[in-house]
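Residue numbers (this note's numbering), protein chains in the order written: chain U, 1 to 321; chain D, 1001 to 1513.
Errors might be hidden in some of the hints.
Unchecked claim - Which bits of chain U does chain D cover? Going by a derived footprint, with three or more residues having C-beta under 8 Å, they are:
| no. | segment |
| --- | --- |
| 1 | 93-104 |
| 2 | 141-155 |
| 3 | 172-182 |
| 4 | 244-251 |
Simulated from the structure, these hints should not be mistaken for laboratory data.
Even for Gly, the Cβ is constructed at its ideal location relative to N, Cα and C.
One letter stands for each residue in the lines below.
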Amino acid sequence: MNKIILKWLQLLAVCTVLSIPRLMAQTPTDAIMMDKGRLCVAAIYGHDTWDEYWEGTLKRSNGNIGTLTRQSVMGMFSLGVTDRINVLGALPWIKTEASAGQMKGVQGIQDWGVWVKARAIDFKVGPGSLGFYPVLGLTGPASNYLSDYLPFSLGLGTVEASGRGILIYELDMGLYVRAHAAYHVRSNTTIERDYYYIPGAGGVYSDEVDMPNVSSFGATLGALLLNNNLKVEATYEGMNTLGGADIRLHDMPFPSNNMDLTRAGLSLQYYIPLGNGHILSVIAGGSQVLTGRNVGQSTAWMGGLTYQFGVFGNKNTNATN
Amino acid sequence: MKKIYFLGTLAFVALAVFQACEKDLPTSLKFSPYAYESLDENGGTWKPVLLDSTTQIGIPAPEDASSAAYQAELADLKAASSDLTSDQEKAVAYWSGDGLVRWNEIARDLAAKYNLPPAPKPDGTYGAPDPANPSSIPNFPFAHPPYACRMFAYWSIAQFDALIAAWHYKYEYNRPAAYKTDVGINTHLPQNDLPGYPSDGAVVAAVSKRILIAMFPLEKAYIEELAEEHLNSLQWAGISTESDIVWGDSLGRGVAGKFLARAGSDGMKAAQTPKPISDSLRVAAKAQFGWQWDNLEAPTRPVGITPYFGRVKPWCIPNVEAVRPPVPPAPGSAEFIKDAEELKEITSNLTEEQRKIANFWSDGPSTYTPPGHWNRFAADEIVDHRLNPLRAARVLAYMNMAIMDAGISCWDAKYYYHYARPIQALPGFKTILGTPNFPSYTSGHSTFSAAAAAVLGHIFPAEAAKFDNWAKEAAESRIYGGIHYRFDADMGNEQGKACANYAVDVAKADGAE
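Only chain U is shown next, with the shape it has when bound in the complex (with noise of 0.2 Å):
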């Protein structure tokens, strides 16, 4: 009966970028419910490095900037409000650093994130079920870092809404297909100068920066093997920003810029039945970013730990997918 618990892995494919695909780190893109009075909280940590970056479409290094490196510790819950209702949350700290050059690297909190994800189409197709899940999001900064710090900087700083569709379809035999795209809306961010250049548009006077907005993608080809103690799975995904400026040439990067980029990930999931209901998991994976514009190139890795328990209702009913 040891379903899936928690797939945090996209979540954790953390900060690829120059600066920080934050959607698809924290945005729960997979297809697990827990039910009703059940909690997950997960602890996580994320490590991506990047030596290569496309300044616009070009591909390039910089002996200034070296490897860059982001880690992350990221905080996380699931709570099964109801059997059809899940509410989940997220926060992450991160800490950047370059190899080379003098710039000084930054640590802190990054954005809170909050989501609410619904089992709203769930039935038996051929030889498999066929779900449907619709997540609304939201995230925002939650200490006052400085999007305007570009690659050091933590987040972006933005406020952002989205809504996002998931389709799985299982086999009964534990191998599943999953998609999912989203659209992610902006709010304006704020950085600590006044007038700013945009090429192609010209001269800003103001603090704010108006923001592009987001689509983002994914499929996963997953399995649940070990008697469902172990799920593996493959993924691919990318995000597309809806606007804004490339970096030009040796030209810093600025928080609208057009940031796409898509990305293959393997992770692992291996849960550990403790009795009374309380489940312990262990989660491990990698990506590669794969092409990418004005976005870091990056490798990253992550590790960590969930714990699933009861705490309201019925306390020995497990996650169901």
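Here the structure of chain U is known, so what remains is to put chain D in place on it, guided by the hints.
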């Protein structure tokens, strides 16, 4: 369940709507065309900066107001200014007649656009912008602070001299504004009693066009398009007839030509020296003082930014030696250690307020540079005080003369003393601002800002304390950014003031006070 969906969807839609309602961010100063606080009727008697005399560039006497030719111009103007499209109305309000503040903004945007250091090539070398072939990579120009301060200076001083000449001809020929002769003309800007010939707006457009195209040759088509719209707006506004515009344009072009001739021989062509000369400055400093600045970028830039900018011809200071600051504290001396320790202490415990100050004044690549920042402040004052274009050009001219002189003096000190930046002198030291590609002592921001503040404080004495505080904050910001020692900043402030004193002395004697 349905309720939750509904609320969720509502929240998402609400955010999307909220975003749609976010106001457009301003791309220029918002102000309504204003009536001038004074007309400076004797402005034609003021002393120009570069012109030998106010009449060095001549324009003919205009046709009499009663002549058939002028009556035909009035009829054309009446036609052009009736039934404006909304785009024409917008253009009239935007240029607001003289257009001086708008052209200053355009110059700032161009400075920002071209303020991009050359990129390293795959083989690790750097290309250099080539004025003879501006579209080769890297594009010409690289509008770093010395380039930008010189651009603002030529643009604004040429405006000042050209407008003094325009005022002279306005009152010498004394042809009333079109709307005074034909009260049936529907004007879309505040009227005044300035004689209409030549058009001050056309003078400003012509000077801007010639100077800015010379400074940013790749922007020729863009600048010409703007100038054409500006000139058209004078007719749409119902304020300038064709001959007002044609001869204003002629006067502006002629005056700009005199300034471009000076610019062609002011030494700027040699400012970005070849490497052997640049190296010789380093060797000389090492021999004389025992230290040298090195560029720490990877790959290393072979030459700093404009080592010979200190040899460019100044406007008001007699020579760089007259305003050269004293020798900076030797590395390892008690005075050095005190400021170095302070720098380390500040940057490792930087408060949010200090970070904000560092960023607010950063004015680095892809910005209008510190001289542009002060032009913005000056433009704000010009609008606040409802200055006429002649009076406004005077503010910008003296401020930018002082800024450029301060830049020349600062660059002289930078390459004469060749002093190491904190990242070079302090092992392991890291910064939140990028360290620029020129020596440390003295701080350019501090020097530019103090010079600008001193001139603005002289012209707007009631606000002198505000400008002075800004200049001090700009200086302090470089310490917070980790790229200057306090002695760089303090001495830069003093140096800037010393340079500005010469400009203020010239201003006091030009007949405008």
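Here is how each hint holds up against the structure:
1. 93-104: Contact hint for the segment 93-104 of chain U vs chain D: holds, 5 residues under 8 Å.
2. 141-155: holds (count 4)
3. 172-182: violated (count 0)
4. 244-251: Contact hint for the segment 244-251 of chain U vs chain D: holds, 4 residues under 8 Å.
Comparing the model with each numbered hint stated earlier shows that hint 3 is the single one that does not hold.
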